[in-house]
Each structure stands twice: as C-alpha cells, then as structure tokens.
Amino acid sequence: MRLTMKLSSLSLTLLVMACLPRLSHAAELKLTSSTQYLWYQDYISDKTQNDVAQYLRLNVTRLDKEGKASVFAYGRASQQVTSDEGLQGRLYYLYFSYRDAFNDHLDLRLGRTYVHSAAVAGTIDGLFLDLKNLGPLGVTGYGGREVLFLNKAEVGGGNVMSGASVYLDAPKSTHLEVSYGNKYRNSDLARENIGLDYSTTPFDIFNTYGRVKYDTIGDHFNELLFGAKLVPIADLSLKVEYYQSRPTFDNNSIYTIFNVDKYREVSAGAEYAFTSNYRLSLKYAKEFFGEGAEANVYDLGLIARPVKNLSIGGSYEKRDGFSGRLSGFRLNAGYDIEKAKIQAGIDYDDFTRQDSRGDTAKKYWTGADYQFNKLIGLTARVEWDVNYRDSDSWQGFTAVNINY
Amino acid sequence: MLNKKIFPIILLCTVLIVALAGMSNAKTDHKEYKNSTLNDCKDCHNGAAIVGNHGGTREHRLLAERAGANCTDCHQQSFCLDCHNGGNVEASKNKSLSRAGETMPTTHRSDFISIHAIKAKDDPQNCYRCHESRFCSDCHAKSNRGAMQVKNHTAVGNTQRYFITLDPSPANLAAHAADARRNLQSCEGCHPDAQACSRCHVLTPGAPIRR
Chain A
657 MRLTMKLSSL SLTLLVMACL PRLSHAAELK LTSSTQYLWY QDYISDKTQN
707 DVAQYLRLNV TRLDKEGKAS VFAYGRASQQ VTSDEGLQGR LYYLYFSYRD
757 AFNDHLDLRL GRTYVHSAAV AGTIDGLFLD LKNLGPLGVT GYGGREVLFL
807 NKAEVGGGNV MSGASVYLDA PKSTHLEVSY GNKYRNSDLA RENIGLDYST
857 TPFDIFNTYG RVKYDTIGDH FNELLFGAKL VPIADLSLKV EYYQSRPTFD
907 NNSIYTIFNV DKYREVSAGA EYAFTSNYRL SLKYAKEFFG EGAEANVYDL
957 GLIARPVKNL SIGGSYEKRD GFSGRLSGFR LNAGYDIEKA KIQAGIDYDD
1007 FTRQDSRGDT AKKYWTGADY QFNKLIGLTA RVEWDVNYRD SDSWQGFTAV
1057 NINY
Chain B
674 MLNKKIFPII LLCTVLIVAL AGMSNAKTDH KEYKNSTLND CKDCHNGAAI
724 VGNHGGTREH RLLAERAGAN CTDCHQQSFC LDCHNGGNVE ASKNKSLSRA
774 GETMPTTHRS DFISIHAIKA KDDPQNCYRC HESRFCSDCH AKSNRGAMQV
824 KNHTAVGNTQ RYFITLDPSP ANLAAHAADA RRNLQSCEGC HPDAQACSRC
874 HVLTPGAPIR R
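Chains A and B, in that order, give the protein sequences.
Our numbering applies: residue 657 is where the first sequence begins, and numbers increase by one.
Our numbering applies: residue 674 is where the second sequence begins, and numbers increase by one.
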C-alpha cells in the first residue's frame, strides 16, 4: 500500500512537471522514456523470470527568465510477470535546482539528489548547497535522509546524512578539498569521516592526485589513495597508484570490536595511442590482504577503429594468488549502419576459486539499436551463457525508447 | 566525536587552503563540448591532467565526488546511477542482467556469479559502494547454506567444527581468525548480530575478545 502510494505520488509529480512548461513562459522539457521487456535466469528460484519495466527521465529547464531554475527527475517502475511479486519502483532522483544565484555565488539542489564529498557520498532526500566563486574558494554543505535501494525498490535505511567541505581551485589544475561527513541511524551517530582530496598538475606532463579518508569513530584511516601520472611523450601516459582500504562498520555494530586487516594495492600502468584509432593499455597490480596473503593481477587492453563505423575492443586479464586464479578475455565489436547500430561480444573466463570450484564461464551476446526517427528507437540484446550453473542459458531485453 | 588528533590536520589543511587562496582559476565551462569524443578532448587535454577515459576506476571517483565537479556540464545524474544503481534508461545493449533482472555495469564480466568470489577480493570495499551487505545475504543466507557459504564453515566433515567446535585444531583456529580479519564484512552479511561468533567468543565492546 505504501509502495503504491509512493508510485502514485511519483506519477503525479512527474505529470505536474510535464505540465510545467505550459505554466512557465520559457520552460523547456526534455523527456526520455524506455519501456522494456526483460527475461533472465534467476538461479535462486531456478527459473526464467520475465519483467516489464518503465523508465522515465524528465528535465524541465529554464523555469525562470534567467534560465537558472530547473527540475530533474528519474524513476523506474517494474513488475515481474512470472511471479506474484507486486509492482516495484525506484525514484532515483527528483530535485529542484537553482544555479548561479547571488551573482554566480550559489548553486542549490532541493529534493532527492546525489551528494558527494570525500568524507561521505550518497543519495539523500534533502538539501545541497554549493557556495562558490569566493575567490578560488568554495564551500559545500548538505543534509537529509539517506536513500538506499535494494531488490528493485527503495529500502528504509533510517540514516540521516550530512556533511560539508571547503575547497580550493587554484592554477595548475589544482584542486584541494577538506570535507567532513556523518551518518546518524535512529539518532545515534553511526559513521563520522573526515576526507582530504587533492589533485594538481604542476607541469603539463605530470599530475598527482590523492585521497585520505579518516574514520573518527574507529580512529583509523579507512581509505588512502595516492597516484601520479606522467606523459613523457605525446600519446604515452604512465601511471602509478597506491591504494589502501579498511572495512568500516557502523558505530553500533558488534563487529567494531574485532580486529581487521587492511587491503593494500600497488599498481602501475601505461597507455599508448599508436594513432587516434588504435590504443593499447597495460596494467599490473600487486594486492596485499594481510598476514602474507597476496595476489598479482595483469591486464592488457586494446581499442581499435580499423575502418569507419567499426570499433573493436579486447582485453585480457590474468590473476593469481590469494582467493583464486583467473584467466580470461573479452572481445567486442560494434558497427554502425545508417540508422542502426550493431554490437556483439564474447567473455571467457577460466577460474579456480581458492575455497571451492574451478571451471570456465562463457558469455556470447549481441545487441542492436534502430532509430526509426528522432523520436522513437528500438533496442534489443540477446545473451547466451555457458557456465557451471547452466550449460545453456539465455537472457536479454527489448526496449522501446522515446526521446522528446 | 571528533578526534583531537584529527583536528590539527583539518586546521592545517584549512590554513593551507587559505594560504593558497590568493590565486584564482576560473573553471572552463564544458557544456559546448558535450558531444565531443575522447579524442577531441585531447586537443586541449594533451598533458597529464586528464588522460584517457576520465582517469579510470579510482580516479574517476575522485573527479565525480569533488566539490564543484563539472560532470553535469555533459552528464546527468542518471549517467552515474545507471551503473551504480542498476538503472537503464539509455537501454544500453552492452550491459548484462543480474539474476534479479538489474542491469550490471560492464565491469561485471562473463558470468559474474562464477567469478565473484575472486573478483570481490580485488578491493573488498569496492562492492559496498553500490551494494548493501544485505545484497550478499540475499543469496548466501537463503539457498542451500552448506553450498552457499561465503567461506567453507565445514572443514571437518559436515559438522561446522571449523568455527564452533569447542576443541578445534590450532591450524583451524588460525585459519578462521585470518579469514575473519581479511573479510569481516562478508561475515556480517549472514550474521548481522554476530551471534555465531558469540558461541565461542565473549563479545563486549571495549574489552578484548576472549574465547
């Protein structure tokens, strides 16, 4: 009943927003709709499931004379037709936006919106403010109810999230930001983080970036990231990165009393563009899980556009060490023919899990778009899977897309 | 709850920001480049500031989460949510479907259920950026529990002695402790209140864990 009410209010709101252009002298409406039929293998219920889903995205802009006020909305309703599961919905966002208020000094978003900082990030029902252009400085602040999605619907998280940041945009593409964020669950402080982000390009050929995220409740760093990029010659870029993360639990979780190991990773990579149509990338990562457990991951990738309208992508990954061995490749190709776009691909993985099984997993897929006119298009995808759970499994979707 | 050790760090950073505040840098509006290809981007970004596809997995997160990010010059929020929250309004034909019928980001290669036990270890925190821990227990706590355990709990016969026997071998004890320390969030997925742990351990916040 509650869900039905939510969906009704969503529909009503979207309808009202669709009417806004008529009420406002210069408002512009952009609507994207996708009506989809999906079929897929649910191995828990051990049967093919079928869903019908309706996506709707609305942008209503130029609500005022200056073009600063807008409303943005995006949601989905879905119904599984092969079970008695009811209609489900997700409202991804629905917010009023006002930009460049007070002589370009304030951006505001009110409603359901994604908010971000190094300290905490997520979707909230609340308010986001960006006080900007204070010289090179800016200040953001946000607060509201955290929105969580699970199993095609929204679930009650009970969290209230808030945060603020102070940032500096300086020359040499330098960005420096200090942020603070917290989450309250049932009026108890569940998470509290401080974050520091930086990125700078002191020379055109060199850039360095990083993030430090500190958990003040657990009194430890829960994320560290430091990276550097170098472009020694045109079309060649080199990159090294150090990353560290640590599990974090809510303050009221019993799991906070246990010791945990950090995950650490050191990686190096290179990317080279032979021409604008051929690009090769290489990457190696050494992973450390604590107590002597380690893994090596090697990646090789190629993107090519040998002839007009044809694109080919391929990658190979090899992994060995803690938790298992993996060796696999992916290939895909796409070709554009006037109003149609065709794409196909193969994924192949040979794997051995450390604690259970080894096998291969293969996926063969193809898909196509056809644009009838500026307004209406059709998309379809079919996929054939062969793996240890199923030797002959099919799934995919078809979609009718409207862009107005 | 702010830690006293951290306060000087914030203060120092704030001072640093203010010290640098004399310099200014107007950000370029990228709206007019919205329909450009990545190759076109290199006409201006031919150095190390932005290379390739917005910097790869971790760097793109920094770019997207920074204050004043200009992602919205070219992308709507749906662009992010269609990977991070299973949306598909653009009807992307190169994305596969999960067992629940949600579109998955293309990082979920081949049959992801087959290889997720390995891939989830490449930064264990990464899964939790999009999934709640309840997402794991949706399968692991429902189906045939013996076969679906995140970690084999039945190292000795089929008795769950690995964890709960009162007289385990030192090797088993050491193995379970190491596994738990490396992967504690996966334990929480099926045992949110840690009752399984309290069969052997005395769990008192602030006190050492005793067996």
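Rather than coming from a laboratory, the hints here were simulated on the basis of the structure.
Please read all numbers here as calculations on a predicted model, not as lab measurements.
Don't take each hint at face value.
Per the computed footprint, the stretches of chain A lying under chain B, defined by three or more beta-carbons under 8 Å from a beta-carbon of chain B, are [said to hold, decoys possible]:
hint	region
1	695-701
2	714-720
3	886-900
4	959-967
Taking lysine-lysine pairs in the PhoX-like style, the calculated list, with each CA pair at most 25 Å apart, reads [unchecked claim]:
hint	chain 1	residue 1	chain 2	residue 2
5	A	Lys828	B	Lys707
6	A	Lys918	A	Lys974
7	A	Lys686	B	Lys704
8	B	Lys715	A	Lys724
9	A	Lys995	A	Lys939
All C-beta atoms in this analysis are idealised placements derived from N, C-alpha and C, irrespective of residue type, glycine included.
Do the hints match the structure? See the list:
1. 695-701: holds (count 5)
2. 714-720: violated (count 1)
3. 886-900: Satisfied; 7 residues make the cut.
4. 959-967: violated (count 0)
5. A:Lys828 to B:Lys707: Within the cut-off at roughly 23 Å; holds.
6. A:Lys918 to A:Lys974: The given pair, whose Cα atoms are some 23 Å apart, holds under the 25 Å limit.
7. A:Lys686 to B:Lys704: holds (17 Å)
8. B:Lys715 to A:Lys724: The hint is violated at about 30 Å.
9. A:Lys995 to A:Lys939: violated (37 Å)
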